[in-house]
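Once you have looked at the hints, place chain B on chain A.
Residues per chain, in single letters:
2 protein chains.
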Amino acid sequence: MNPTNTDARRGTGELPEKRPVSIAPDGTVHPVPSGDDARSAFEEIALKAEEHRRRGGQVVLVQGLGFVGAAVAATIADAKAVDGAPAYFVIGIDLPTPGSYWKVEKINAGLAPIDSTDPVLARLTHDAVHETANLRATTCRDAYGLADVIVVDVHLDVAGRTSDNGIHVELEPFREAIRTVGRLMRPDALVVVETTVPPGTCENVVLPVLREERLRRGIEEPVLLAHAYERVMPGPNYVSSIRSYPRTYSGVDERSSNQARAFLATFVDSSNGDLLWRLENPLSSELGKLLENSYRAANIAFIHEWTLLAEKIGVNLFEIIDSIRVRTGTHDNMRYPGFGVGGYCLTKDSLLAQWGVTHLLESDAVLETTLDALRTNALMPMHAVELVKEVAPNGLGGARIAVCGVSYVPDVADTRNSPTEALVDALLAEGAELRVHDPSVRTWLERADVPIVQDLEAALADADGVVLAVGHRAYRELGASSLTQLTAQPAFVVDAQNVLSDESARELHAAGWLVVGVGKGHWRRDGMHRRK
Amino acid sequence: MNPTNTDARRGTGELPEKRPVSIAPDGTVHPVPSGDDARSAFEEIALKAEEHRRRGGQVVLVQGLGFVGAAVAATIADAKAVDGAPAYFVIGIDLPTPGSYWKVEKINAGLAPIDSTDPVLARLTHDAVHETANLRATTCRDAYGLADVIVVDVHLDVAGRTSDNGIHVELEPFREAIRTVGRLMRPDALVVVETTVPPGTCENVVLPVLREERLRRGIEEPVLLAHAYERVMPGPNYVSSIRSYPRTYSGVDERSSNQARAFLATFVDSSNGDLLWRLENPLSSELGKLLENSYRAANIAFIHEWTLLAEKIGVNLFEIIDSIRVRTGTHDNMRYPGFGVGGYCLTKDSLLAQWGVTHLLESDAVLETTLDALRTNALMPMHAVELVKEVAPNGLGGARIAVCGVSYVPDVADTRNSPTEALVDALLAEGAELRVHDPSVRTWLERADVPIVQDLEAALADADGVVLAVGHRAYRELGASSLTQLTAQPAFVVDAQNVLSDESARELHAAGWLVVGVGKGHWRRDGMHRRK
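Protein chains in written order, with the numbering used here: chain A, 1 to 532; chain B, 1 to 532.
Next comes chain A alone, as it looks inside the complex (with noise of 0.2 Å):
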């Protein structure tokens, strides 16, 4: 690890200038510029996308430079008009903030602000930038007026996820985001609502919004809004996620549906039959997309009880898993046994609905069972937590434990809300001594204090005990042997993700290792959580 780039992180005050500074996960430091700085960069945009307009073509603005709209704003750079140009200017606008302003400077550089393995993003964002050169990125609010279509793709969470104490969500900076669309806008611009927002969003927050500002402003025409849910999978086919992947959308109004429709034809692929889904409304849009997320949390869910019997009774779950899920159409997403769920969707979407539900649309409806399977979801990690226990001979106190694995998908460099994090945090509270590692991730955001050891040897070599996190190919290819080379002393293992295979686990065991694995009641029947 860099020493620089932590301290960098840790606060801006240490640096020599006066400007803040935004610092990007690579380490690079970005000063923010001042507002008169950002409009006098911004006047080469503006000038390059009214040119694009008067040949004919239209201007996307898209708000909010994140895990979806810096990837989105590349995608729709990529389509073309029928003469084969680039069919629009792209504008990419961040907020001039230490958090945000560093992704404005990538994306300008020709660098997605995103780590991902997918080759298409990486080549999409420079061509768009150093090729077509039809995509800028800015802070400069004047570009709102510029744009034909504005593609909202704003963060929105929830404060306090899994909390029984009621679900907060911060719907302020969401809300300002929208008032400046609507102070900025022209007036027959489509805005198309990305974000996942809690149910009755566009209709009873981005509406009336738009409307109020636009009326100060004297524009009294309807406004032109749709929500449209993206299917963003972070790994290797991320601008395939984006455009090759079904499209639910839904319009305020038959104007608004018939201009996100022809829009979203633009980029999405539609070779292979229409992939754009119209709903009746923006809230059966919204609702869906949380109901979508909900329900593969929910299986997730579900297979819980049934692994923590599995391994009570003695019977490998993944094998009858395996021999279950042939029956497709009906059990072939069967969800195997598992460490928990990470990522911003599917730990929080349960959440979001039940939010809009409640202080949105004034419904007494409770989703309660889908509410159950996210807080099952979140104790996930701490059965783990009870494996590590019940095998660590001397306890968790000074215990070297190497935690392998901190993303919460296996070879992608995604780490938000991944369930390592609930595992770290208990372990180090047990007073173990962790060396947490990952052959992908080099700095932790969302544990900053945690270093990531970069070696796995260094990892592993003076371990009492190693969990297996996440499913990493480098760890699955690891092996009974390699382990046993690797670590000073007969260990334990506890395998959370199925990466150990049965023969490994019983080389370990016969080496004088203490072996458990979530869902593998087999390996604790056959007695290797005991010394032979």
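Keep in mind the hints are simulated off the structure, nothing from the lab.
Among the clues, some could well be false.
Identical chains share a label here; the pair holds if one copy fits it or two copies do between them.
[Claimed, not checked] Straight-line alpha carbon distances no greater than 25 Å define the calculated SDA-like cross-link-like pairs of lysine to any residue that follow:
hint, residue 1, residue 2
1, K389, R211
2, K312, E203
3, K532, P490
4, K312, G527
5, K389, A38
6, K532, E280
7, K532, S240
8, K80, S100
For chain B alone, kept in the frame of chain A given last:
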């Protein structure tokens, strides 16, 4: 309805004969034979079986001729040897009781004792009895001694399916059936348990019982025993669901597993790849079946609270789910809003799982979420009752209500645990006057005191309201104009199973009807539950 049949079904005391009779669902009356009669009828079967064996063929006995056993027997009888001749002589056995004996006579007449729309089942049964003459049924226990393979399809149910007061499984009749096998089986016969059983049954119940009975006979060689579960689906693909679905199995030892596989391979279709999935032990196979059906039941339950939500906030949950189901592999098994769960499996298998875990495996594991789902499913029909109460203009007392649909699957005459039971019970308890109709059900075995009106016109003529409880084609094709023509006056309709189109709903409302539907929030939003 034929009053003679009904009287006969109510009790055999009214009939002149002294011998007990067994009455088939079609009303035919079959005197139960004495033991001597059965034995003399069996002699011919024994001769044929021995003849088949002398020619190098094998004899299969299917124990229990219910919904699974009768179909499995006909399917096995259709299996061919290399020379194209029948591979097996198949004997179906059941008890000489009023409840079961009629099945023996039906099969011996070449008729499937299952009211199925699958023409293949009827053909296979007919041909095996009348053409190839390798399928016969009997009540004579001597048959056990003829069999090379004994397939156990004995009924095993849960008493008190959805009660909170604990789960009770009466295992004794099943254990007694296994004891009979042990007393009479050939020492080298393979026993394949196909009945859905609580986890632990094969190894903790069947195996010790068989060993004990065989030891009494001086047989010390290991029992050949396997569990292999079927995935029979009532409906037009009955036989195909036995032959062409993947089949999970496991023996108590390697030899049993191998022999079970060899046997299954003779009638499970492997032309499109190997469908036989071997698991580590029978416990895994038993648990797999229960997990499979529990998953389905949980997925059905999941959507219920979203159904109530959709109705409260006024959205059409059906169109939302349609838009989500396009995500194949993860979301295409999402269930639609509905009226509850019927049938033999999904209503009980989670209870069997919990009972076996507690009583056969003596584990303290609790399948809380899974059992919650069953409770939710059992309560679903009560939501339809609430909707009826809401729109019945003068309350339920004395209200003439046409209940359309009794079976639990559209266009299939299977009424086992149909959700209509709970609806009818509740409506009757509130004093409603019901006209219960189903196009494919003549008598309702589970509610023999509730007459089935055969004529839809008669059911609707004087109705104050209609509950559409099953999506039978006859109802889906009805349309608004038929409904208004068939009823004397504007009425109400509760669409519990997505039977009516939006257009029909609007037409009915325009004609003065009150219209509500499960999951049809948009109908409520549009005011169809109120008089115009």
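A quick look at each hint next to the structure:
Proximity of K389 to R211 under the C-alpha cut-off of 25 Å is found in neither arrangement, the shortest distances being 58 Å within a copy and 41 Å between copies. When the C-alpha separation of K312 and E203 is checked against a cutoff of 25 Å, the pair qualifies only between copies, where the shortest distance is 17 Å, while the shortest distance within a copy is 50 Å. For a Cα distance limit of 25 Å, the shortest separation of K532 from P490 inside one copy, 12 Å, qualifies, whereas the shortest one across copies, 79 Å, does not. For a Cα distance limit of 25 Å, the shortest separation of K312 from G527 inside one copy, 12 Å, qualifies, whereas the shortest one across copies, 53 Å, does not.
Proximity of K389 to A38 under the C-alpha cut-off of 25 Å is found in neither arrangement, the shortest distances being 54 Å within a copy and 64 Å between copies. Taking the closest pair of Cα atoms, K532 and E280 come within 25 Å of each other only across two copies (23 Å); inside a single copy the shortest separation is 64 Å, beyond that limit. For the identical chains of this complex, K532 and S240 are neighbours neither inside a copy (50 Å) nor across copies (49 Å), given an alpha-carbon limit of 25 Å. Within a single copy, K80 and S100 get their C-alpha atoms no closer than 29 Å, and across copies no closer than 71 Å, so neither meets the 25 Å cut-off.
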